[in-house]
Each structure stands twice: as structure tokens, then as C-alpha cells.
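Asks: One letter stands for each residue in the lines below.
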Amino acid sequence: DQQVKQNSPSLSVQEGRISILNCDYTNSMFDYFLWYKKYPAEGPTFLISISSIKDKNEDGRFTVFLNKSAKHLSLHIVPSQPGDSAVYFCAARGPGSARQLTFGSGTQLTVLP
Amino acid sequence: ETGVTQTPRHLVMGMTNKKSLKCEQHLGHNAMYWYKQSAKKPLELMFVYNFKEQTENNSVPSRFSPECPNSSHLFLHLHTLQPEDSALYLCASSPTGSSGAFFGQGTRLTVV
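Sequence lines, in order, name chains A and B. 1 is the number of the first residue of the first sequence in my numbering; add one for each residue after it. 1001 is the number of the first residue of the second sequence in my numbering; add one for each residue after it.
To be clear, the hints were calculated from the coordinates, so they are not data collected in a lab. None of the values given here were measured: they were computed from a predicted structure. Even glycine gets a Cβ: it sits at the ideal position worked out from N, Cα and C. Keep in mind that a hint or two might mislead.
Just so you have them, the derived chain B footprint on chain A, three or more residues with Cβ under 8 Å [stated by the list, open to error]:
1) 15 to 28
2) 67 to 79
Straight-line C-alpha distance at most 27 Å; calculated DSSO-like pairs for lysine-lysine [to be verified]:
3) Lys1041(B) <-> Lys71(A)
4) Lys5(A) <-> Lys68(A)
5) Lys5(A) <-> Lys1041(B)
6) Lys54(A) <-> Lys5(A)
7) Lys1022(B) <-> Lys1040(B)
8) Lys71(A) <-> Lys5(A)
9) Lys56(A) <-> Lys68(A)
10) Lys1019(B) <-> Lys1041(B)
11) Lys54(A) <-> Lys68(A)
12) Lys56(A) <-> Lys71(A)
13) Lys1040(B) <-> Lys71(A)
14) Lys1022(B) <-> Lys1041(B)
15) Lys1040(B) <-> Lys5(A)
16) Lys1041(B) <-> Lys1018(B)
17) Lys68(A) <-> Lys1019(B)
Extracted from the complex, chain A is given alone in its bound form (with noise of 0.2 Å):
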């Protein structure tokens, strides 16, 4: 059973929108929530994380939210560029003495200039 779910597989956006991106979680032990970028041919590059203890964090474009209470997050890409286009992996932290990462199974985000 999936512990780290991204339901949407695709979403178009137009340039200069807003991108949202969901992510769904069950394990409430979780206690680092990350997102990554990957463009074909590449491996996933870290773009933004959150703690369990935060609500939402920002960096220029991208803020991530966290409601630990329903168990989501979700990335805001504001204004989306073409060059956003890529998949989004949403990642949980934990738990166990590994702190290891389980991911979704991603988002394929295309901007639509």
C-alpha cells in the first residue's frame, strides 16, 4: 500500500498561473515532507521541504503547505514558466533509525506558454 500518493499524474497550466500540485499521505509519522524535479533524462533534483512542524514554507516561486491534520501537502508554483515543466515527486521522511524517503509516484507538470 502506497504511504505517499500523488493522484493527479498530469496537470496543464497556463504561463503565468498557478501551478498546484497534491500530495497525500498516511503514515502520520512522517516528520519531513520534501518535493523534487525531474526532467527526462535526469535524475530528481531537490526543489523545496517542509517540517512536520510547519505549516507552509516559501522559496521565491515555490511554497510548500503542509495540513498535517488531513494529511496533505501541496506545492504552489507562482507565476509557472515553461521551464517548470517536469514531474514532481512528493517525499516523506521517516520513520524508522533509516530516515529514509518514500515517494510518490509523481506529477507531470506542463506549462503551456
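Starting from the known structure of chain A, fit chain B onto it as the hints suggest.
Replies: For chain B alone, coordinates are given in the frame of chain A:
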């Protein structure tokens, strides 16, 4: 460029072949990982090494055999693979206990 280098980038192998994937990082990280990404599936963690010691094996079939000779290098030895093993194999590294990981570009493996 994340500082994690994987070779080869592409590999086609027959089911009776033996091949190895290589991963190298000079970031000073002590933890290294192998992940498998199949189409439309989450990244699946295969193996974890901390300070050259394997600390996790997520029920990976024995036809995949990892090796970590030092904290900068990680190998994945492949033998008698099946077509369903075709996937993108990603190596990652992180400082021990860190929340994030740096990924290599991956090896696109096709088993024929």
C-alpha cells in the same frame, strides 16, 4: 550537476548477461542509495548503505547484488534479469541523518 555520477547512462542486456551499474559521489556523504523507477510508479528504494555498511534491503531479488567498496562508490551488479526489471535505476547520496538526497542522472536499463 548534483555531484552524483552514474555510469552507464543507458544499458541493454540479455537475460543471461551479467553487468554492473556504477555510482560515484565526492560530496563527502556517508549514505548511498539505489532506487528503481518503473513507468508511472513511485521511486522504489532498493538498498541503503551507511558508512559502507548495508542497512536496508527492501526485499530486492537476489539477481540484484549491491556493493559498496568505500563511501564514495556504489555498484549494483546485475545477473539473470527479467524483462520486467527494465527501469530507470537511480543512485542517491546524502549526509547521514539528512532529510534530503542528491540523485544521479540514472541508468536506463532495458532487459531483452
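Asks: Hint by hint, say whether it matches the structure.
Replies: Evaluated hints:
1. 15 to 28: violated (count 0)
2. 67 to 79: It is violated: at least three residues are needed, and the region 67 to 79 of chain A offers just 0 whose Cβ sits closer than 8 Å to chain B.
3. Lys1041(B) <-> Lys71(A): Within the cut-off at roughly 21 Å; holds.
4. Lys5(A) <-> Lys68(A): holds (15 Å)
5. Lys5(A) <-> Lys1041(B): The given pair, whose Cα atoms are some 10 Å apart, holds under the 27 Å limit.
6. Lys54(A) <-> Lys5(A): holds (20 Å)
7. Lys1022(B) <-> Lys1040(B): This hinted pair holds, its Cα atoms lying about 25 Å apart.
8. Lys71(A) <-> Lys5(A): holds (11 Å)
9. Lys56(A) <-> Lys68(A): Distance ~11 Å between Lys56(A) and Lys68(A) Cα, so the pair holds.
10. Lys1019(B) <-> Lys1041(B): holds (24 Å)
11. Lys54(A) <-> Lys68(A): holds (9 Å)
12. Lys56(A) <-> Lys71(A): Status holds; Cα separation ~14 Å.
13. Lys1040(B) <-> Lys71(A): Given that 27 Å is the threshold and the Cα spacing comes to 22 Å, the pair holds.
14. Lys1022(B) <-> Lys1041(B): Roughly 23 Å between the alpha carbons, so the hint for Lys1022(B) and Lys1041(B) holds.
15. Lys1040(B) <-> Lys5(A): Holds, at roughly 12 Å.
16. Lys1041(B) <-> Lys1018(B): It holds: about 26 Å lies between the C-alpha atoms, which stays within 27 Å.
17. Lys68(A) <-> Lys1019(B): At roughly 44 Å apart (the allowed maximum being 27 Å), Lys1019(B) and Lys68(A) break the hint.
Going through the hint list in order, the structure does not satisfy hints 1, 2 and 17.
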